[in-house]
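Novice: Please put together the full structure from these sequences, using the hints given.
Heads up: the protein sequence lines correspond to chains F and A, in order.
Be aware that the first sequence starts at 1, since it is given in this note's numbering, and climbs by one per residue.
Be aware that the second sequence starts at 748, since it is given in this note's numbering, and climbs by one per residue.
By construction, these hints were calculated from the structure, which means they are not laboratory data.
Among the hints, a few may not be true.
[Claimed, not checked] Computed cross-link-like contacts, DSS-like style, restricted to lysine-lysine with a CA-CA straight-line distance of at most 27 Å:
| # | chain 1 | residue 1 | chain 2 | residue 2 |
| --- | --- | --- | --- | --- |
| 1 | A | K827 | F | K739 |
| 2 | F | K470 | F | K485 |
| 3 | F | K744 | A | K802 |
[Stated by the list, open to error] Looking from chain F toward chain A, a few residues come up when the C-beta cut is under 8 Å (computed):
| # | residue |
| --- | --- |
| 4 | G693 |
| 5 | T696 |
| 6 | L698 |
| 7 | K711 |
| 8 | L712 |
These figures come from a predicted structure and were not determined experimentally.
We treat Cβ as the ideally placed atom computed from N, Cα and C, and that holds for glycine.
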Amino acid sequence: MVSNAVRAQVAAKWQESFTRLNRSEPGISGLMAFSDAWTLATEFLKPRDLNDPKPRRQYDNRRVRMAFDTINKCRRLPVMMEVFLEDLHNSQYLIAREVESHMNLYSETSDPVIVRALIFRLVEWYNAWSPPAEQIIFYRLGQTIISAYMLSFQTHLFSVLPASFARGVKSLVAATLLGTVSPPSDQRDSALWHAFDMLRLVERYETLIASVGYEYIESHVHETCAGAWSEPMLPKLRAWMLEKIVPWMIWPFARGATNAEEAKTMMQGVGSRFEFHMHKTLCDLRTKEMFDIIVDFPDSVPALNDLKECLQRVDQRAELVQSLRRANRKRLLHPGADTKDILLQYVSTIKCLRIVDPPGVLLFKVADPIRRYLRYRPDTIRCIVASLVGDGESGDSLIDDSEPIHPLQQPEVENYADPEWIPEPVDAGPDFRANKTSDIISTLVSIYDSKDLFIKELQVLLAQRLLALKDGNLDRERRNVEILKIRFGESALQVCEVMLRDMTDSRRIDQHVQSQKPNVMHPTIISRHFWPALEVSDMVMPGQFQDLQEQYAKEFSSFKPDKVLRWHPHLGRIHLELELDDRTVEADVPPLEAAFIELFSEKNTWTVDELITRVGKVTRSAALKALGTWVDMRLLKEESENVFRLLSVAEDVTEDATPKLGMASLREDLPPVISVQQQQAEQMRVYWKFIEGMLTNLGSLGLDRIQAMLKLAPGYDRTIEQLANFMEAAKREGLVTVKDGLWKLGK
Amino acid sequence: MSSSPGISAFPKNDSNLFEWAGTIEGAPGTIYASLAFRISISFPSNYPYSAPTIKFETPCYHPNVDINGGAICLDILQDKWSAVYSVQTVLLSLQSLLGEPNNASPLNPDAANLWSNPEAFKVQLMKHYRPLDGSA
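Specialist: Here's what the structure looks like:
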């Protein structure tokens with residue numbers, strides 16, 4: 001039952017609505033007019049199917065306009081908008097259908113052209129359905145209607161776009177980038193970007209578009225810069241960015257900019273991101289290539305300068321260190337690499353990283369493993385020393401001859417009073433020592449804690465070279481010693497001085513002895529105390545050589561009564577003239593060879609064992625080698641195994657005469673100075689007595705205990721690692737056994 | 748630390764050089780041949796002006812050695828000590844004492860009495876002897 005009040009209420013409302021629709025028209029003509037206008041307007045706005053072959057109904061713009069006016073006057077526009085959006089919603093399936101068919105095609109062909117077509121088609125739909133702005137923009141609600149349409153259209157569109165659309169857009173954008181040789185006024189691209197803009201695709205796919213840019217930059221950098229180290233690439237890349245990327249960027253990132261200034265501000269963010277990406281890509285690339293860049297030094301200096309600049313913008317220092325350390329570990333620090341090569345690479349690394357990072361933090365981090373590795377290489381010192389004295393055969397590339405020679409520099413304590421002082425870079429570790437010295441040799445020598453090792457090795461090397469001298473020309477060695485004096489200091493090289501003086505003294509003494517009593521022998525007289533230990537041999541020279549030796553010794557002792565000669569008959573070389581039945585042979589041979597051939601003047605056939613007993617203690621292999629020399633010279637022939645016969649008459653070369661002792665040519669030319677390692681082994685033998693004593697009396701001991709005890713012994717300076725090696729060696733010889741880390745004497 | 752066969756001695760640890768351990772092997776041809784004895788040497792603070800104290804750690808059945816405490820009756824370790832003796836000479840003296848005991852002043856009268864009977868002496872000796880086990 002409805003109350004009167006309600007009735008009155010409804011009637012009033014009804015009346016009000018009626019008046020609004022009918023306005024002040026007579027009768028219901030106003031209502032009729034409104035009804036017509038509504039029908040026309042909704043019909044006009046109704047989204048239609050573009051694929052409908054029927055031509056679109058033509059509307060009279062004026063009439064439409066009037067209809068909208070009528071509706072507006074009746075304040076029914078909001079309702080109409082709702083109806084319109086409702087209609088829109090109901091027609092969305094048309095677009096969904098369109099998108100689906102295009103995307104199906106695209107997923108079959110992957111041709112970006114289809115995506116392009118789809119986008120243009122979508123623009124058509126959009127335009128076709130759009131409420132005519134010129135008709136409604138005057139109304140208060142006009143703007144709202146248009147944006148509501150836009151929103152609704154997009155919302156629906158994005159909801160129906162499949163995931164593959166993003167991929168399509170990406171390849172489409174990439175295609176535009178490939179075509180951007182022309183300026184952005186290019187019609188095709190411009191239309192496309194317009195379409196993008198209209199559908200608000202740019203906002204939606206902004207990151208995607210940017211990623212296309214990133215990828216493009218990346219591929220360009222890789223293409224142009226990989227392996228191109230000999231010219232600076234950064235300026236070129238920058239020019240390329242300006243020429244190629246910036247114009248392209250204008251469309252997606254600076255649309256709507258009215259002037260260049262505005263465009264610039266709009267593109268600033270994305271532009272600097274692109275630029276950063278270019279630097280980062282180049283930096284990554286160079287980081288990856290770093291090892292080879294170092295190998296190529298100094299041809300690769302431009303690449304290093306590029307890298308330096310990149311590193312200032314991109315914080316990739318840690319990556320560089322890591323990657324280089326990894327490459328070094330993999331390619332350099334393994335047993336297959338020559339020490340010489342490692343040193344060379346190390347020196348190049350020093351030079352390269354000094355370019356990239358002058359304070360040397362990177363260098364310190366990268367060099368550390370190399371230095372540690374080099375320290376364990378037995379021949380490192382030898383290599384460094386050889387390059388110090390400029391060993392001719394090794395090519396000597398470690399040091400530049402033009403570099404001024406500096407005294408070895410000690411790491412300096414930081415001088416904080418220096419007004420130029422700058423703190424260490426942030427990524428410097430606590431153990432970083434700023435090594436301001438640029439002197440390569442100082443750096444190399446500092447691999448080891450003390451330079452004594454170098455001095456010792458220098459002495460050995462010098463001794464070897466002096467003993468190997470044939471022409472007696474000392475100028476070169478003297479020059480080397482002088483150079484080294486500058487580096488290591490006068491006192492360190494005193495021993496070397498003595499060695500050089502011994503050489504000249506021997507010559508003088510020899511001249512004197514010869515003047516007293518001519519002798520074919522010209523010995524080198526060395527002061528035992530100052531020379532590295534020489535190889536000892538108990539070889540006794542037979543026959544005439546022995547006489548020569550004695551005669552010489554007699555003359556010498558009358559010249560220098562307070563000195564005694566101790567002969568090393570196995571060292572040196574002997575020039576022989578051998579007269580045989582049919583020929584004379586001249587030869588320049590080591591003493592053992594001479595001794596053997598002399599013995600053949602006693603009888604024609606000898607066995608190896610007979611020969612060995614005549615010359616004292618020589619190893620069998622040495623004897624065979626000496627005999628091999630003569631076999632090669634066709635003076636001896638191996639009759640049967642280990643039996644040799646003198647060929648007093650030359651024999652024709654027969655097949656079996658081809659020397660099977662081919663190793664004779666592999667003469668060891670190394671002079672017989674005991675190397676530093678051998679000397680150390682020699683010293684270790686002394687300490688063995690101590691070890692034996694303690695193990696006898698104290699039972700089994702751990703390595704630490706042994707080391708601590710040995711420290712009691714005078715002059716003991718081995719590290720525990722060296723001791724461990726020694727104990728391992730003793731174990732192999734069966735002298736000791738080890739169990740649970742405790743060593744005891746073997747039974 | 749010496750090159751004399753059969754005797755050796757070494758500091759027990761690197762922090763106290765006054766306590767040494769030593770080993771003496773019986774000289775070949777004596778009744779102690781091929782037996783090894785561990786001894787302890789303890790140096791007084793005024794060494795070498797007084798003799799080191801030497802004791803057998805391995806029980807040694809010997810006329811001049813206390814079978815229980817290991818104390819040794821040797822003139823150069825007592826009144827005849829001289830600063831010129833070294834560890835090596837002392838150990839050599841001990842080694843020779845093994846083969847030639849001084850039966851006139853025995854610390855172990857049983858052993859002194861038995862000395863003239865090598866077979867019986869050897870039996871007693873081996874009864875007390877403990878071979879070195881290699882650990883201190």
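Novice: Tell me, which hint numbers fail for this structure?
Specialist: Hint 1 is the one this structure does not satisfy, whereas the remaining hints hold.
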